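Asks: Read top to bottom, the protein sequences are chains A and B. So for the first sequence, numbering that gives the first Met the number 0 puts the first residue at 0; every next one is plus one. So for the second sequence, numbering that gives the first Met the number 0 puts the first residue at 0; every next one is plus one.
Please keep in mind that the hints were generated in silico from the structure rather than gathered at the bench. Take these hints with a grain of salt, some might be off.
As the list claims (entries may be wrong) - Beta-carbon label-pair distances, calculated as ranges: (1) R374/B x G145/A: 28 to 36 Å; (2) A327/B x W72/A: 29 to 37 Å; (3) L257/B x A75/A: 30 to 38 Å; (4) L257/B x S115/A: 52 to 60 Å; (5) W343/B x K113/A: 20 to 28 Å.
It should be emphasised that the depicted structure is a prediction, and the values quoted were computed from it without experimental measurement. Ideal Cβ placement from N, Cα and C applies to all residues, glycine included.
These are the residues of each chain, in order.
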Amino acid sequence: MSLITLEQVTKRYINGADCVTALQEMSLCVDEGTFLGIMGPSGSGKSTLLSVLGGLTSPTSGSVNIDGIDVYWLSAEKQADFRREYLGFIFQSHNLIPYLNALENVMLPLVVTKFSTAEKRKRANAMLDRVGMSDRMLHLPQQLSGGEQERVALARSLVNNPPLLLADEPTGSLDSTTSKQVMNLLSELHQDGQTVIMVTHNRENLEWFDRTIYLRDGLIEKDTDVVPGTLSRAM
Amino acid sequence: MRLEHIVLHNLRRRKGRAIFLVVGLLIGVATVVTLLSLTDALGQLAQQEIENFGANIIITPHSDQLALSYGGIQLGGVSLVAREIKQSSLANIDAIPNRRNVATIAPKVLGAVDVDGQRVMMMGVDPSAEFKIKRWWSIAGRPVQQGRELVVGDEIARRFNLDMGDTLEIESQEYTVVGLLAKTGSQDDQLMIAPLPVAQAVLGKQGMVSMVEIAALCHDCPVDDMVSQLQQVLPGVDVQAVQQVVKTRMHALGQFRLFAWGVAVTVVIIGALLVFVTMMGAISERTREIGIFRAIGYRRRHVLHMVLMEAAVVSALAGVLGYLTGVAATLAALPLLDGGKAAWQWNPTRAVAAVIAAVCVGLIASLQPALRASRLEPSEALRAL
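In isolation and in its complexed conformation, chain A is listed as follows (with noise of 0.2 Å):
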């Protein structure tokens, strides 16, 4: 069951008298528990890509819809609400706030909400534990290592229990060890059901994938899930 349907989405950035076209009426269908990479070289558009479906960046045409919700509809105030019950977003450099620390960096998400504070309170501890990182919660981030970091913010990504996580290359400041444990909480993530899509340059990620998308000048010049020679723009 697709839980991601983009249908002719085209992205256009308008500076001044310059037009570049970040994406070309892309239509793409993403089911539910899939561990999608995007792969492509810089400028080709995997970063729109990752933000027109995590509803932070409007198309200039075509529809995005995720779990039966047309996101572009919303009003800008729902998309923040859809954005809060749907999505996980992991930054590529981390981006958790440097006067929090890493218990309150993870409940984030979840100031906003209803919960009591003894429950949001609960759910960050569950969620840092799960990530191994329960021993320093109450740490700043420039107390954690970059790999501690990234825990921490798979955590803050997590901790809404969102159908969707995007995350736009995450191993791409880590070594290599670091950058293995954060795949590997990836893949857990991913044999429990969750639907991962992770940008990447790394060609090693790729055997933590079950589909790859490569994209060159807005286009998907290549998907693993379909045949060779039937790839084609509009579905």
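Chain A is already provided as a structure; the job is to place chain B on it using the hints.
Replies: Leaving out everything else, chain B in the frame of chain A:
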């Protein structure tokens, strides 16, 4: 954890900026509080002085003629018909609606007596009232009390070579000089002051007074109203308000108050601009952070709420500290102004108003930066994603 928690953590982390904002607003609040407190204290002092120093209403017998004297110079050919006021009629003053505003009633009788062949002005006074309203009188000795006692003006003392304890014969009766009035530079220098009943007897004006001076406490009453009320209960007299001194003083105070408000408004505008510029800078600095909040599901109003709450916390702190600083500055400045006689008075309304005004200025100045922050598109804020 709640939004307030995030706001307080952020303020704690960016202490330098928070302190800069607090100090900036604090100076503004302190300046306004100091200026307004000083204006109030000086105003109250002026009011007290007006109330305590001299009469501000004068009652004289009615006359159809225009006065032909100025600065002590009498023009010839004026027919002087001496008319008097019945002393008993002064009891009617108790009946006016603004009776509580009447602080002192000082009746006096005036007339000329012969002393060593010279005509001298004698003034009979109610000692307790007269010496109360003429506080600028400096008397060597003591004021008259009762019996045939005299306080003599400086010129009289010199003309008749009088000193304390000397006696003087007036209309075949002996009077004792109990006080010498220091030079005033006014007509008072040419007076002999005696108790009212004694003067009435020697002048043959028993039960009559020549004029009445009234000191009215006019902080909360228009003196003109009192004049018309007195006119009604005392027919056949002229009641006049001596407004020149009062109005001059009040005008000066009014100008100072206007200046104080002008400075206050300028300082508030500068404070607001300071908050605006600092908050705009803070929003630019925190663009990425705001992007994270928006990306993980914070609504625009949550971001707006956080920025405004930060401004409110800083402004409230600046309001409290600014008020206290303003009070300290007022207490330090008061001894240096107006002979150190003005006193600071605790004004709870001003304390509350200072904090509320500081918070309002902080919030208004932060509204645009807060709206800008809340309108940031998460994708613009987060270039990484």
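Asks: If a hint holds in the structure, say so; if it doesn't, say that too.
Replies: Hints, one by one, checked against the model:
1. The beta-carbon spacing between R374/B and G145/A, approximately 33 Å, falls within the hinted interval of 28 to 36 Å.
2. For the hinted restraint 29 to 37 Å between A327/B and W72/A, the CB-CB distance of approximately 60 Å leaves it violated.
3. Separated by about 48 Å at the C-beta atoms, L257/B and A75/A break the suggested range of 30 to 38 Å.
4. Separated by about 56 Å at the C-beta atoms, L257/B and S115/A satisfy the suggested range of 52 to 60 Å.
5. With their beta carbons about 50 Å apart, W343/B and K113/A fall outside the hinted range of 20 to 28 Å.
Violated hints, in rising order: 2, 3 and 5; the structure is consistent with all others.
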